[in-house]
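The listed protein sequences correspond, in order, to chains A and B.
Each residue of the first sequence is one higher than the one before, starting from 14 at the first, in the numbering used here.
Each residue of the second sequence is one higher than the one before, starting from 14 at the first, in the numbering used here.
Worth double-checking, as some hints may not be accurate.
Said to hold, decoys possible - Output of the computed footprint for chain A on chain B, the stretches with three or more beta carbons under 8 angstroms from beta carbons of chain A:
#, stretch
1, 34-40
2, 65-75
3, 99-108
4, 149-163
5, 216-229
6, 254-267
As the list claims (entries may be wrong) - Think about it this way: if two alpha-carbon atoms lie no more than 30 angstroms apart in a straight line, the pair counts; the simulated DSBU-like pairs of lysine-lysine are:
#, chain 1, residue 1, chain 2, residue 2
7, A, K287, B, K286
8, B, K286, A, K250
9, B, K213, A, K287
10, B, K287, A, K312
11, A, K250, A, K286
12, B, K213, A, K250
13, A, K312, B, K250
14, A, K312, A, K287
15, A, K286, B, K213
16, A, K286, B, K287
17, B, K312, B, K286
18, A, K286, B, K250
Quick caveat, the hints were computed from the structure, so don't treat them as lab data.
The beta carbon of each residue, even a glycine, is placed where N, CA and C say it ideally should be.
2 protein chains.
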Amino acid sequence: MQRTRVAVVGLGNVGRGAAEALAASPDFELAGVVRRRAEPGERVAGPNWEAPAVTRIDELDEVHAALMCGPTRELEPMEHTLLRSGISVVDTFDMHGEPLWNHKQSLAASALEGHSSAVIAAGWDPGADSVIRALLEIIAPTGITYTNFGPGMSMGHSVAVRAIPGVADAVSITLPAGYGRHRRAVYVELDGSRPFADVKSDIRRDPYFVRDETDVFEVDCVSQAADPGHGVVIDRKGASGRTGNQLLRWEMRITNPSVTGQIMVGALRAGLKKAPGAYTLIELAVADMLPEALEDLVKRIV
Amino acid sequence: MQRTRVAVVGLGNVGRGAAEALAASPDFELAGVVRRRAEPGERVAGPNWEAPAVTRIDELDEVHAALMCGPTRELEPMEHTLLRSGISVVDTFDMHGEPLWNHKQSLAASALEGHSSAVIAAGWDPGADSVIRALLEIIAPTGITYTNFGPGMSMGHSVAVRAIPGVADAVSITLPAGYGRHRRAVYVELDGSRPFADVKSDIRRDPYFVRDETDVFEVDCVSQAADPGHGVVIDRKGASGRTGNQLLRWEMRITNPSVTGQIMVGALRAGLKKAPGAYTLIELAVADMLPEALEDLVKRIV
Numbered sequence: 014m015q016r017t018r019v020a021v022v023g024l025g026n027v028g029r030g031a032a033e034a035l036a037a038s039p040d041f042e043l044a045g046v047v048r049r050r051a052e053p054g055e056r057v058a059g060p061n062w063e064a065p066a067v068t069r070i071d072e073l074d075e076v077h078a079a080l081m082c083g084p085t086r087e088l089e090p091m092e093h094t095l096l097r098s099g100i101s102v103v104d105t106f107d108m109h110g111e112p113l114w115n116h117k118q119s120l121a122a123s124a125l126e127g128h129s130s131a132v133i134a135a136g137w138d139p140g141a142d143s144v145i146r147a148l149l150e151i152i153a154p155t156g157i158t159y160t161n162f163g164p165g166m167s168m169g170h171s172v173a174v175r176a177i178p179g180v181a182d183a184v185s186i187t188l189p190a191g192y193g194r195h196r197r198a199v200y201v202e203l204d205g206s207r208p209f210a211d212v213k214s215d216i217r218r219d220p221y222f223v224r225d226e227t228d229v230f231e232v233d234c235v236s237q238a239a240d241p242g243h244g245v246v247i248d249r250k251g252a253s254g255r256t257g258n259q260l261l262r263w264e265m266r267i268t269n270p271s272v273t274g275q276i277m278v279g280a281l282r283a284g285l286k287k288a289p290g291a292y293t294l295i296e297l298a299v300a301d302m303l304p305e306a307l308e309d310l311v312k313r314i315v
Numbered sequence: 014m015q016r017t018r019v020a021v022v023g024l025g026n027v028g029r030g031a032a033e034a035l036a037a038s039p040d041f042e043l044a045g046v047v048r049r050r051a052e053p054g055e056r057v058a059g060p061n062w063e064a065p066a067v068t069r070i071d072e073l074d075e076v077h078a079a080l081m082c083g084p085t086r087e088l089e090p091m092e093h094t095l096l097r098s099g100i101s102v103v104d105t106f107d108m109h110g111e112p113l114w115n116h117k118q119s120l121a122a123s124a125l126e127g128h129s130s131a132v133i134a135a136g137w138d139p140g141a142d143s144v145i146r147a148l149l150e151i152i153a154p155t156g157i158t159y160t161n162f163g164p165g166m167s168m169g170h171s172v173a174v175r176a177i178p179g180v181a182d183a184v185s186i187t188l189p190a191g192y193g194r195h196r197r198a199v200y201v202e203l204d205g206s207r208p209f210a211d212v213k214s215d216i217r218r219d220p221y222f223v224r225d226e227t228d229v230f231e232v233d234c235v236s237q238a239a240d241p242g243h244g245v246v247i248d249r250k251g252a253s254g255r256t257g258n259q260l261l262r263w264e265m266r267i268t269n270p271s272v273t274g275q276i277m278v279g280a281l282r283a284g285l286k287k288a289p290g291a292y293t294l295i296e297l298a299v300a301d302m303l304p305e306a307l308e309d310l311v312k313r314i315v
């Protein structure tokens, strides 16, 4: 099989997970890593991969697709450029609702121009969990779905705390509080410029935290609380036809960046099979996200 | 919205579940029920539906699709006839592997001829569980998936026991024995023509039971053990990239015929959107199985 050459854009935790997943796949090849700073001739490596690091994707040979592994709002201009030049992309756009729909519409235009495809919001949530939420409603159309995250580190919340004056470093843990509600546990390392009580009060008033019960702890070393593990439980109790008490549950205990990178690889596989456009995971068939031939897959897994 | 008129073929438990699900849907209308025996002008009803019962589908007006709610091997000739005449179908073909692939290939030919579509194996397993098994491998491509059924009544196994001489009635319950293995508990009502020990020994030697540990109980009234509830737990422990210990689980506690009928309705919705052909659920996008407009769905559920 001719492997499709793919670039990883961004080399944080998710970028490393994506590189690892690409290298472990039978149908893709890691063409290289695009990062803000790279020395000429620099190479980077992980447990099962080794690749050139460059600052511009056109420094890499024959790239057919790119996994966008960074904050989508920062990477969005580059996504448009890539799509217009015929390079398909996958991202993990992490907002729901209106912004997600607008992002889809906007990328679709560039994808049509460049005859390429974008798969957006293709992490674990939004992403795999979105497919689950759809499936739950297919099985039991009336009822309520509860998505319960954690325990696990929230990157967005951690970054928000680090921006507060007086904070040297911070980690925010999401704790499930039952039926879709969450608590936050924030571990902060102070820089000594402000008292803990002021920092704590600022955190609790931050838009990221204001709606949730939030405990703040001062610690000597935040890195001791960091752990890439995360999880989710999605529960639905609903009715099929008029028959109630259908009890459905999805549960994951996962290494966040590894699973995110792996789902992006599956999303890319399906995206490359679609007509030019921008897609969320619920618009793609799961069979298209796997490398096996359809006949083998139907015989083995259905 | 113009509702699509759909016939239910077969009025056993699944047929009643399918009628109930169609009647509860915003986009379909139950055109009628096709059954082996029906009096002229007969009408049948359920909690939220009421429809004519006929022996031949062409006695119903304007039928665009049919849900095949009976043993697929019996209904297969009729599926071909319907597909060739332009009526799309959904079935719950319940064999895996080679027979499933052959069934797909065979129906696809008729569907192409009649510009119609077939969605096959569209119950909960194969069906919804198949989508889950695919998703589990997308998230963690290496590892092992265990599908654990029950506790719940197995129709196939119950029918097999009823065919054994000396048995007046029987129910076979599937019990999960862990990591994909199952035990069977068979409740039999004897007709008095043979001793219990002989019947028990025949059951245990039957191809349906020979591989599983099977307990057989003599009871006065089998119907007391009957319950339409069923369940499944699908577990996967696998690796994303090279990172192990990804723990994934899907669990359902369901009313078997209601959920089966409901999934068939979702499958039909997606089948009607596809090019002529025959499809399993893993080849369809979950978004296409729901009645909502894509924009609303993306904003609400992704």
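Quick rundown of the hints versus the structure:
{"no.": "1", "hint": "34-40", "in the structure": "holds (count 4)"}
{"no.": "2", "hint": "65-75", "in the structure": "violated (count 0)"}
{"no.": "3", "hint": "99-108", "in the structure": "violated (count 0)"}
{"no.": "4", "hint": "149-163", "in the structure": "holds (count 6)"}
{"no.": "5", "hint": "216-229", "in the structure": "violated (count 0)"}
{"no.": "6", "hint": "254-267", "in the structure": "holds (count 13)"}
{"no.": "7", "hint": "K287(A) - K286(B)", "in the structure": "holds (15 angstroms)"}
{"no.": "8", "hint": "K286(B) - K250(A)", "in the structure": "holds (28 angstroms)"}
{"no.": "9", "hint": "K213(B) - K287(A)", "in the structure": "violated (55 angstroms)"}
{"no.": "10", "hint": "K287(B) - K312(A)", "in the structure": "holds (21 angstroms)"}
{"no.": "11", "hint": "K250(A) - K286(A)", "in the structure": "violated (35 angstroms)"}
{"no.": "12", "hint": "K213(B) - K250(A)", "in the structure": "violated (39 angstroms)"}
{"no.": "13", "hint": "K312(A) - K250(B)", "in the structure": "holds (22 angstroms)"}
{"no.": "14", "hint": "K312(A) - K287(A)", "in the structure": "holds (23 angstroms)"}
{"no.": "15", "hint": "K286(A) - K213(B)", "in the structure": "violated (54 angstroms)"}
{"no.": "16", "hint": "K286(A) - K287(B)", "in the structure": "holds (15 angstroms)"}
{"no.": "17", "hint": "K312(B) - K286(B)", "in the structure": "holds (21 angstroms)"}
{"no.": "18", "hint": "K286(A) - K250(B)", "in the structure": "holds (28 angstroms)"}
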